Amino acid sequence: MSVDLSQFIPSFLEESFEGLEVMESELLNLQEGDNETIHTIFRAAHSIKGGAGTFGFDNVTEFTHLVETLLDEMRDGRREISPKDTEILLDSIDCMRLLIEAARDDEEYDIDKVEKTSKRLAETLGDELSTDSDNQSTTKVAENNISGYNINFVPEHSLAKTGNDPIFLFSALAELGELTLCADTKDLPALKDIDAQELYLSWQLTLYTEVDESEVREIFEWVEDECLLELVPIKAPSTTSASISASTSSTQSSSSPSSTLTNNEQQTEPDTSQKPTEDIEVQDPETKLVIDSTAEDNNITSKTKTKTKGKAEVGSIRVGVDKVDNLINLVGELVITQSMLSELGNDFEMDKVERLTSGLEQLLQNTKELQESVMRIRMLPISFAFNRFPRLVHDLAVKTGKEMELVIKGEQTELDKTVMEQIGDPLVHLVRNAADHGIETSEVRLANGKSAKGTISLDAYHQGGNIVIEINDDGAGINREIVLAKAVEKGLVEANAILTDSQVYDLLFEPGFSTAAEVTDISGRGVGMDVVKRNIQSLGGRIQVKSTLGKGSSFKVHLPLTLAILDGQLVKVGSETYIIPLISIVESLQIDNKLINRVSGDMVLYRLRDDNVPVLPIYQLFNLATECTEIDNALLVVVEADGQKIGLMVDDLLAQQQVVIKSLKDNYQQVGGISGATILGDGSVAMILDIPGIIHMALAQAQQAQRVKTDGNASVTAEVCL
Amino acid sequence: MNIQEMAQDIPAEGEHVVEGVDFITSGDQYLTFMLAQELYAVDILCVEEIRSWEQPTKIPNSPSYIKGVINMRGIIVPIVDLRLKFSIGEATYLETTVVIVLTYESEESSRTIGFVVDAVSDVLNIESTDIKPAPAFGGCVGQQYIDGLINSEKNVVTILNVNHLQKVEPHSLHS
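Chains as they are written, first to last, in this note's numbering: chain A, 5 to 726; chain B, 14 to 188.
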C-alpha cells in the first residue's frame, strides 16, 4: 500500500503491550472450561500476530503463531488446560514482550530464552506443528520461476464483520502487479434474504507479478483464518488492463465493510439498502466497476484517523470520552463568560459594577472547574499499576513454594499518571517483601493455626487530599527484636537504646538493612527498602509500617493526588514570600514566650502541648535580612515531615491558595530547601518550601555546628537532639 | 550586488522606510552590550528577548551574582548579573539597566537565563574569519567564556560563549 506503515508502529506497540497484559491477567484467571477467557486470550494473541506481520516483525509473528496454535487447541477443546500449559503460556508471554521490546528499541534480545520457550511450545504441540511447517516449506519451494498466481479467494460470510474489506486486499494486490479478478456470485441469495453485513461473494484472481508467494500471502494475513485461500503459481505473462476492475453485483456495496466501518451514517441505515456508497459506483448487476484512487485514499485516511499518532517515547494517555466532553462544555461556558465580560467592557459605567463582579465570579468558577477537569485527564485508575501484581504473586508463589493469593481492592481509585509511573517499582518491592519475608510456608502457617494459603492484599483509597495504598499480608509480621538486634549489629542504634515500635520499623528503611535469614534471589539483599522510601518521598509521599508478630504486617503509602498543583500557605519572611505546602502544616500559632525553652546552648525549643518542637527561623536558614528577628512575638508554623515536627518562624501569614508548581531545575538547578517555584497572582515568583529538605538542612547545619564546637569528638548525633 | 540598497527601498510596516539597517547580511550577527566601559557580544540567535530590570525573587543561599528568578510568561527564568559574575564595574540597578534573556539549545535540553548588563549597544555582522583568538593574559573573564575577539571601529568586542555562560556552578547551601 502507499501508506507509510511506520507511523502506525507506535500504536501497534502500545496495543501489543496492552494485549500482552490482557493475555497475562486472563491466563491467571483461566479455569477449565472457561471458553470466554480462552477466546479473549486468543483474540489478543491473534491481533498481535496480525499486527506484527504487517509491520514485518517476523520473529514476533512466528513465535506468536506457536502460541496461537496452542491456544487454538485449547479453544476447540482438543487440549485440556493444565497448569503446565498455563506456565508455558506465561513464559511465552514474557518472550513475546521481549521480542516486541527488542523490535521497538531495535536491539538484540535474549535469543536463548526465546528459543527455549519456543522449543517447549513446539514439544507441547507435538506432531501437529511439524506438519504445519512442512506445508509452509513446500509452498516455498514452488516459488521459483513464477510470473504470477491464480488465487482462489473464498472468504467466510462474516469476513466483513471483522473489519476486513476485500477491496483493500485487491488494491494491495494490484500494487504488486497486474491484477484481474472475477467475482463468483453463485452464493448470492435473493435480494430480500440478503443481510447487509454478510459477504456472499468469492473471487478468482489472476495476479501477474514477480514477487514471492510469501508477499502475496502477507496481504491476506489478516483474513487468512476467515477464508479459503488457494495460491497456484502460473507462468504465462500477460498484458491486461492496468486498472483494477472487479466484476461485482449491487449487493457488494452494502456488504462492503468500507461502508459499515468508515461511515457511521451508513451503519445506521436500514439493511439491504441499495444506496450507493461514496466510494463505489453501483450499476446493474454483473457490471464492472472501477475502484478509483481517491476512494482508496479516503479509506486510508479514515483508517489513519482511528489510530492515535505519536511517538513511543512521548507516552500517551487514554482518556474517557466523558472527560473530554466535560472539558468541551466547560470551555464553552468560559467562552460565553468571556464574551459577556468583553461586551460589558465596551461601554462600562459605574452602575454596571454589580454585573462586572458577578461576571468575574463566574469566570473564577469556570477557571476552577476547567482546572479540575484538566487535572482529571491526567488521572488514571490505579489498576494500571496494580495490573502486574497477579502475575508477580503467581510467580513468587511458584518460586518460593508457598501458597498465597492476592486480593486487590479499590483499583478504580484515580491517581496522577506521573505518580503512577513512579510508584510502580516501590510497590513491586513491597509486595515481593510481603511474599518473601511475610508469608510463611504452608506447614508453618498450619502449625500456627492459620489457613494454609497466605493472603496479600492491595488496597487503594482516597483520604483527604491524599491517596493511600495499603499493602497487607497475614504472614509472620515483623519481629521487633530481630530488627533491633540487626540494627545494633550494624551500628545503627546504641545497644541499650529504647525505641518505640514505629522507630524500630523505620530502621527497615535504612540502607543495607535486611532481616531475612537467607538472601534469596527475590529479596533479602537489603537494597531496596531505602530506595522505596526515597522514591515515595520524592513523590511527596510517606510510608507507615504497622505489624503484629504472628498476625501480619501492613505498609501504608500516602501519596499526593497530583504533583502539578498543591494547596499552599503563603508566608512572609523579610521582603520575600514563601509557600508552605498546606499538607505538611500541623498548625500555626503565635509564639508565647513562656513556652520557649533554650536547651543545650543555643537550641530553641517550643513547648507545644506535650511536644518540644525545635524552632527554626527561616531568615537564618536562608540568610535573609529581616526586621523580625525577635522570637518572642513571632509567628510559628509547625510543620511535620518524616514524623519530625519543627516550627518555622515567619514574619507574617498571608493567604492560602492553590499554586502551580514550576520546576527550578529546568533553567537553573535544584535548590536545597526549595521544592520549586510558582507564579503568584501579581505575576511575581514565589518559592515553595520543601519541608523534608529543610529538616535535613537543619540537621546538617546542627551537625556541622556541633562538629565545630566539639572538634569532631562528640558522637552524639543531631538526631538525638532533635 | 546592491541588494542591500534594494532592501532599504522596501518600506517597513507603517510606511516608514528604515534606513541604515542591514536586512540581508552575510556572516553571523552578534548583539553587543556594555559592561562598564567594555564591549561584549553574544550570538544574536540565542537572544530570547531584552527586558528592563525588575527586582527578581531571591533564591536562598545562592551566590551573589545570581540575583534570583523572574516570571517570563510563565517560565521561571534565573537572573545572573554579569557585572558581578565577571567583577566588572559597579552593580547598580537603574532604569537603563537591561536584562538580556538568552536561550541556549543543546541536543538534550534548552536553558533560558537572563543576564544583567549595563546597556545594549548594537548588532554587528561578523564573518567568522574575522574572529581572533583572545590572548590568554589574565583578565576577569575566564577563558572558557570567551569565544574570541573582534575589532569594531575603535573598540575591541569580546565574543562570549553562551553555552558556557549558562552553566550554573553548583553552590552549596552553607556558604
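Derived by calculation from the structure, the hints in this document are not laboratory data. Bear in mind that the values here come from a model prediction, so they are computed numbers and not experimental data. Wrong hints could be hidden among the right ones.
[Said to hold, decoys possible] Covered stretches of chain A (chain B as the covering partner; in silico rule of three or more C-beta atoms under 8 Å from a C-beta of chain B):
id	stretch
1	358-366
2	665-673
3	676-684
Note that the Cβ used here is the ideal one computed from N, Cα and C, for glycine as well.
Do the hints match the structure? See the list:
1. Residue count for the stretch 358-366 of chain A with a Cβ under 8 Å from a Cβ of chain B: 0. That is fewer than the three needed, and the coverage hint is violated.
2. Under the rule that three or more residues need a Cβ within less than 8 Å of chain B, the assignment of the stretch 665-673 of chain A holds, with 7 such residues.
3. By the rule of at least three residues with a Cβ nearer than 8 Å to a Cβ of chain B, the coverage given for the stretch 676-684 of chain A holds, with 5 such residues.
The structure shown violates just one earlier hint, number 1.
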